[in-house]
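Protein chains: 2
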Amino acid sequence: MFQSLVNLYKIKFDSTLISNLLKYRAFSNNDKMMFSFSIIKKSAHSRARLGRIATPHGTINTPAFIFCATNAAIKGVPIDHVKASGSQIILSNTYHLMLQPGSDIIKAAGGLHKFLGWDGPMFTDSGGFQIFSLGHGGVEAEIKSSQQLNGKKALIKLTENGACFRSHIDGRKVTLTPELSIETQVALGADIIVSLDECTPYHVNKLYTATSMEKSKRWATRSLNTFMKIGDGRQALLAVVQGGVYPDLRQESAQFANNNDFHGFAIGGSLGKTKSEMHKVVDVTTQMLDKTRYVHLLGIGGIDDIFHGVECGIDTFDCVTPTRIARHGAAIVKTRENPGSSKPYICLENSRYSRGFSPISVECECYTCQNFSRAYIHHLIKAREIVFGTLISIHNIMMMNRLMTDIRNGLANDTLDTVRQEWGS
Amino acid sequence: MFQSLVNLYKIKFDSTLISNLLKYRAFSNNDKMMFSFSIIKKSAHSRARLGRIATPHGTINTPAFIFCATNAAIKGVPIDHVKASGSQIILSNTYHLMLQPGSDIIKAAGGLHKFLGWDGPMFTDSGGFQIFSLGHGGVEAEIKSSQQLNGKKALIKLTENGACFRSHIDGRKVTLTPELSIETQVALGADIIVSLDECTPYHVNKLYTATSMEKSKRWATRSLNTFMKIGDGRQALLAVVQGGVYPDLRQESAQFANNNDFHGFAIGGSLGKTKSEMHKVVDVTTQMLDKTRYVHLLGIGGIDDIFHGVECGIDTFDCVTPTRIARHGAAIVKTRENPGSSKPYICLENSRYSRGFSPISVECECYTCQNFSRAYIHHLIKAREIVFGTLISIHNIMMMNRLMTDIRNGLANDTLDTVRQEWGS
Numbered sequence: 006m007f008q009s010l011v012n013l014y015k016i017k018f019d020s021t022l023i024s025n026l027l028k029y030r031a032f033s034n035n036d037k038m039m040f041s042f043s044i045i046k047k048s049a050h051s052r053a054r055l056g057r058i059a060t061p062h063g064t065i066n067t068p069a070f071i072f073c074a075t076n077a078a079i080k081g082v083p084i085d086h087v088k089a090s091g092s093q094i095i096l097s098n099t100y101h102l103m104l105q106p107g108s109d110i111i112k113a114a115g116g117l118h119k120f121l122g123w124d125g126p127m128f129t130d131s132g133g134f135q136i137f138s139l140g141h142g143g144v145e146a147e148i149k150s151s152q153q154l155n156g157k158k159a160l161i162k163l164t165e166n167g168a169c170f171r172s173h174i175d176g177r178k179v180t181l182t183p184e185l186s187i188e189t190q191v192a193l194g195a196d197i198i199v200s201l202d203e204c205t206p207y208h209v210n211k212l213y214t215a216t217s218m219e220k221s222k223r224w225a226t227r228s229l230n231t232f233m234k235i236g237d238g239r240q241a242l243l244a245v246v247q248g249g250v251y252p253d254l255r256q257e258s259a260q261f262a263n264n265n266d267f268h269g270f271a272i273g274g275s276l277g278k279t280k281s282e283m284h285k286v287v288d289v290t291t292q293m294l295d296k297t298r299y300v301h302l303l304g305i306g307g308i309d310d311i312f313h314g315v316e317c318g319i320d321t322f323d324c325v326t327p328t329r330i331a332r333h334g335a336a337i338v339k340t341r342e343n344p345g346s347s348k349p350y351i352c353l354e355n356s357r358y359s360r361g362f363s364p365i366s367v368e369c370e371c372y373t374c375q376n377f378s379r380a381y382i383h384h385l386i387k388a389r390e391i392v393f394g395t396l397i398s399i400h401n402i403m404m405m406n407r408l409m410t411d412i413r414n415g416l417a418n419d420t421l422d423t424v425r426q427e428w429g430s
Numbered sequence: 006m007f008q009s010l011v012n013l014y015k016i017k018f019d020s021t022l023i024s025n026l027l028k029y030r031a032f033s034n035n036d037k038m039m040f041s042f043s044i045i046k047k048s049a050h051s052r053a054r055l056g057r058i059a060t061p062h063g064t065i066n067t068p069a070f071i072f073c074a075t076n077a078a079i080k081g082v083p084i085d086h087v088k089a090s091g092s093q094i095i096l097s098n099t100y101h102l103m104l105q106p107g108s109d110i111i112k113a114a115g116g117l118h119k120f121l122g123w124d125g126p127m128f129t130d131s132g133g134f135q136i137f138s139l140g141h142g143g144v145e146a147e148i149k150s151s152q153q154l155n156g157k158k159a160l161i162k163l164t165e166n167g168a169c170f171r172s173h174i175d176g177r178k179v180t181l182t183p184e185l186s187i188e189t190q191v192a193l194g195a196d197i198i199v200s201l202d203e204c205t206p207y208h209v210n211k212l213y214t215a216t217s218m219e220k221s222k223r224w225a226t227r228s229l230n231t232f233m234k235i236g237d238g239r240q241a242l243l244a245v246v247q248g249g250v251y252p253d254l255r256q257e258s259a260q261f262a263n264n265n266d267f268h269g270f271a272i273g274g275s276l277g278k279t280k281s282e283m284h285k286v287v288d289v290t291t292q293m294l295d296k297t298r299y300v301h302l303l304g305i306g307g308i309d310d311i312f313h314g315v316e317c318g319i320d321t322f323d324c325v326t327p328t329r330i331a332r333h334g335a336a337i338v339k340t341r342e343n344p345g346s347s348k349p350y351i352c353l354e355n356s357r358y359s360r361g362f363s364p365i366s367v368e369c370e371c372y373t374c375q376n377f378s379r380a381y382i383h384h385l386i387k388a389r390e391i392v393f394g395t396l397i398s399i400h401n402i403m404m405m406n407r408l409m410t411d412i413r414n415g416l417a418n419d420t421l422d423t424v425r426q427e428w429g430s
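Protein chains in written order, with my numbering: chain A, 6 to 430; chain B, 6 to 430.
Heads up, a few of these hints could be off.
Copies of the same chain are indistinguishable here, so a pair counts whether it falls within one copy or spans any two.
The calculated lysine to any residue pairs, modelled on SDA-like cross-linking and capped at a C-alpha distance of 25 Å, are [what the hints assert, rightly or not]:
| hint | residue 1 | residue 2 |
| --- | --- | --- |
| 1 | Lys348 | Cys169 |
| 2 | Lys387 | Arg329 |
| 3 | Lys119 | Asp85 |
| 4 | Lys162 | Ile110 |
| 5 | Lys47 | Thr420 |
| 6 | Lys119 | Phe362 |
| 7 | Lys387 | Val325 |
| 8 | Lys119 | Arg357 |
| 9 | Lys88 | Ile391 |
| 10 | Lys88 | Gln375 |
| 11 | Lys178 | Asp309 |
| 12 | Lys348 | Asp295 |
| 13 | Lys47 | Val289 |
| 14 | Lys348 | Asp309 |
| 15 | Lys211 | Gly125 |
| 16 | Lys278 | Asn414 |
| 17 | Lys119 | Ala89 |
| 18 | Lys112 | Phe362 |
| 19 | Lys387 | His333 |
| 20 | Lys387 | Ile330 |
| 21 | Lys88 | Val392 |
| 22 | Lys162 | Gln426 |
| 23 | Lys278 | Gly140 |
| 24 | Lys220 | Gln260 |
| 25 | Lys112 | Cys169 |
Calculated directly from the structure, the hints in this document are not laboratory data.
Turn these sequences into a full structure, and let the hints guide you.
See the structure below:
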């Protein structure tokens with residue numbers, strides 16, 4: 006509560022502030038009804054912190070993992086299983102939902118939470134990542150697969166106003182502006198939303214990265230203004246920190262974000278080509294950000310990357326990996342359950358599992374591990390029964406939640422190094 | 006219990022009977038441990054009957070619908086949702102499971118029930134239908150899709166001994182004999198199993214049908230002998246009644262089945278080209294069968310066909326339809342929820358449902374209807390999120406169970422005609 010007030014009073018006094026303050030105040034008697042971020046404990050060994058995010062749809066204990074429900078669905082998994090696997094928060098995609106079914110329909114349905122049957126905290130991204138992927142390609146399979154326009158580039162024009170592209174659904178032209186992104190996200194009604202940015206790719210030069218970052222700043226200002234004007238005070242808005250692999254540009258972007266009244270930050274854009282470069286960018290950027298506010302790392306979900314991010318002070322992560330690798334037959338396990346391998350997962354299509362009559366993990370409490378053997382899932386893969394993807398996804402979701410619980414316990418008990426070893430990271 | 010004893014003592018005294026009797030007796034103190042079929046009420050208006058099948062894995066109230074878990078999985082649906090939708094019994098496929106993963110693996114896993122996480126009654130078919138489909142084609146999409154051997158016919162030779170074919174998994178030659186079918190089904194451990202038959206197709210002449218039916222009789226005898234020799238007394242064996250559309254051949258096949266100690270009957274083979282022809286075959290054949298024993302109608306699941314079958318005295322039905330049409334976006338509804346259409350389902354891809362904010366059925370208690378709108382499922386179809394198939398399947402399974410509950414109530418209360426009207430049949 007205290008933290009949220011700190012954030013609240015940082016909001017600049019502009020023409021719309023008074024009405025927004027009133028809106029915030031209208032909810033101030035009920036902590037559940039508004040966003041707040043509080044740090045419960047800071048690590049003595051790193052910048053890691055144990056925290057809590059309160060939202061109108063419940064609390065998120067941080068560090069936490071956010072599961073991707075890109076099209077308002079966790080791929081292949083009924084949402085009750087996502088809940089039962091201990092998930093705290095899920096993320097949907099503004100770009101995808103504005104095209105299909107359209108935010109008007111979701112609003113008319115009672116908002117995104119009701120539409121997809123999730124009453125916990127939700128996050129929507131801004132569509133910035135899709136501007137990148139539409140223009141530059143080379144993105145997650147989830148997005149690639151629905152982006153084919155008979156070889157035509159989907160992005161038509163990137164201007165100061167916004168990104169004009171062709172819908173991957175019906176080919177119609179759409180211009181995504183910061184205003185439209187926020188209007189859409191307000192209509193969708195997620196608890197945490199993100200200002201529109203251009204997600205700068207890796208292979209452009211520093212000048213492009215700088216120009217793009219400057220544009221993202223202007224877009225963030227427009228996003229914030231729209232948010233102040235039309236928001237109902239129940240959502241939190243994050244600024245995206247850009248600047249590619251260049252510390253000076255990251256500094257400029259972070260400075261801008263610190264100086265404006267965003268509820269928190271999302272680290273985006275190119276994080277480099279290699280893992281070590283990525284870790285460096287995260288390390289440098291997190292140091293530049295206001296330590297009292299919430300920090301999300303966009304699109305990163307490798308177990309080692311999560312440990313590294315946590316130690317840099319990242320509070321939440323999102324990634325499609327847990328369900329995507331599940332659909333390719335890979336189930337997350339701790340090192341001790343994968344002897345002879347350094348990988349944090351097992352590939353259940355491998356014939357070595359045809360007689361694996363124990364569950365994926367004997368320690369796991371997920372629906373899949375409580376009911377089925379490795380041999381059964383191996384069989385489902387061989388028999389092309391796609392429910393295997395559902396069953397492994399349920400397990401992987403539970404394991405990511407287990408990982409984050411272990412990390413939180415590690416932070417609480419000062420045993421993060423032990424936790425890290427257990428997870429082979 | 007009385008009925009099971011009647012069935013029991015019909016078993017012919019041959020060399021293996023004594024040991025089998027002992028096996029049956031070993032379970033006689035525990036009704037749950039053996040098969041029995043009892044008729045609770047006979048309709049005054051038709052041959053319909055309300056019944057109860059006891060199996061080692063629980064009781065089935067009949068008439069009942071059996072859901073197809075061909076490859077030891079209900080397509081696209083985690084088994085907990087199959088249970089939660091009120092399902093009483095599921096069916097797996099001997100042909101499919103003997104090839105993948107192999108009955109040895111399922112036996113080593115603790116049997117089919119444990120393997121797929123279902124502790125209720127189970128049914129396995131004999132593989133006879135697959136002999137038909139491998140040799141003649143023209144079968145359910147489920148089987149077609151996994152039967153491509155680069156244009157080569159999968160069935161190599163059909164002899165007195167059995168059916169020799171190439172595995173659709175790895176191309177190896179396999180000969181399915183009555184003995185192998187029963188050995189496989191005993192190893193799988195379903196509660197109700199079926200003797201091997203040749204499922205005679207429609208487009209062959211009467212001579213072929215007669216010859217095939219005679220062979221099926223000999224195969225049924227071999228099946229029964231194997232069953233008596235290796236069975237543990239906990240499974241029930243059905244004879245398949247063949248004879249195509251020819252009443253005299255059906256009579257001969259039924260006579261054979263009546264005269265042998267099968268626990269019940271499964272009506273198979275060609276049931277004709279049209280619905281009315283099929284109804285006639287079912288009508289004629291059911292009249293020929295011993296009225297005290299259990300009767301299953303193989304592969305039929307149309308709602309009107311079920312009403313017709315019930316009135317002929319059919320106790321159970323199986324069909325892939327509920328989950329197959331779900332994967333094509335069709336959700337089963339009662340007539341009053343589908344105004345302007347005579348169909349018992351709605352096609353949720355239709356744009357008329359884009360703003361359908363009510364559930365598929367306001368009367369339905371399934372997970373899908375309790376949590377999601379028609380608009381949401383329409384959106385999932387449009388966004389190619391395959392979980393739509395899962396959600397509609399869950400609903401369709403509940404609706405088939407609802408249908409059968411309504412039919413049972415109709416029989417109990419002598420209101421079957423009203424029930425039939427409600428279901429638009």
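task: Measure nothing new, just compare the shortest in-copy and cross-copy C-alpha distances for Lys278 and Gly140 to 25 Å and report within, between, both or neither.
output: within (19 Å within a copy, 55 Å between copies)
task: With 25 Å as the alpha-carbon cut-off, assign the pair Lys211 and Gly125 to within, between, both or neither.
output: neither (40 Å within a copy, 64 Å between copies)
- prompt: Between the shortest in-copy and the shortest cross-copy C-alpha distance, which are at most 25 Å for Lys112 and Cys169: within, between, both, or neither?
  reply: within (24 Å within a copy, 59 Å between copies)
- prompt: Between Lys119 and Ala89, at a C-alpha cutoff of 25 Å, which is it: within one copy, between copies, both, or neither?
  reply: Intra 18 Å, inter 22 Å, cutoff 25 Å: intra and inter.
- prompt: Checking Lys387 and His333: alpha-carbon separation at most 25 Å within a copy, between copies, both or neither?
  reply: both (12 Å within a copy, 23 Å between copies)
message: As a check of your reading, is Lys387 near Arg329 (CA-CA no more than 25 Å) within one copy, between copies, both or neither?
response: both (18 Å within a copy, 20 Å between copies)
- request: Measure nothing new, just compare the shortest in-copy and cross-copy C-alpha distances for Lys387 and Ile330 to 25 Å and report within, between, both or neither.
  value: both (16 Å within a copy, 24 Å between copies)
message: For Lys162 and Gln426, with the copy left unspecified, which applies at a CA distance of at most 25 Å: within, between, both, or neither?
response: neither (47 Å within a copy, 59 Å between copies)
- request: If the cutoff is 25 Å on CA atoms, where do Lys119 and Asp85 land: within, between, both or neither? Let me know, please.
  value: both (13 Å within a copy, 23 Å between copies)
query: Between copies, within a copy, both or neither: which fits Lys278 and Asn414 at Cα up to 25 Å?
result: This pair counts as neither: shortest intra-copy Cα distance 32 Å, inter-copy 66 Å.
task: Indicate which option fits the pair Lys88, Val392 if close means a Cα-Cα distance not exceeding 25 Å: within, between, both or neither.
output: Classified as both: same-chain Cα gap 18 Å, cross-chain 16 Å, threshold 25 Å.
message: Treating 25 Å as the Cα threshold, decide for Lys47 and Thr420: within, between, both or neither.
response: For Lys47 and Thr420, only the intra-copy Cα distance (13 Å) is at most 25 Å; the inter-copy one is 70 Å.
Checked against the numbered hints above, the structure violates hints 1, 4, 11, 12, 15, 16, 22; every other hint is satisfied.
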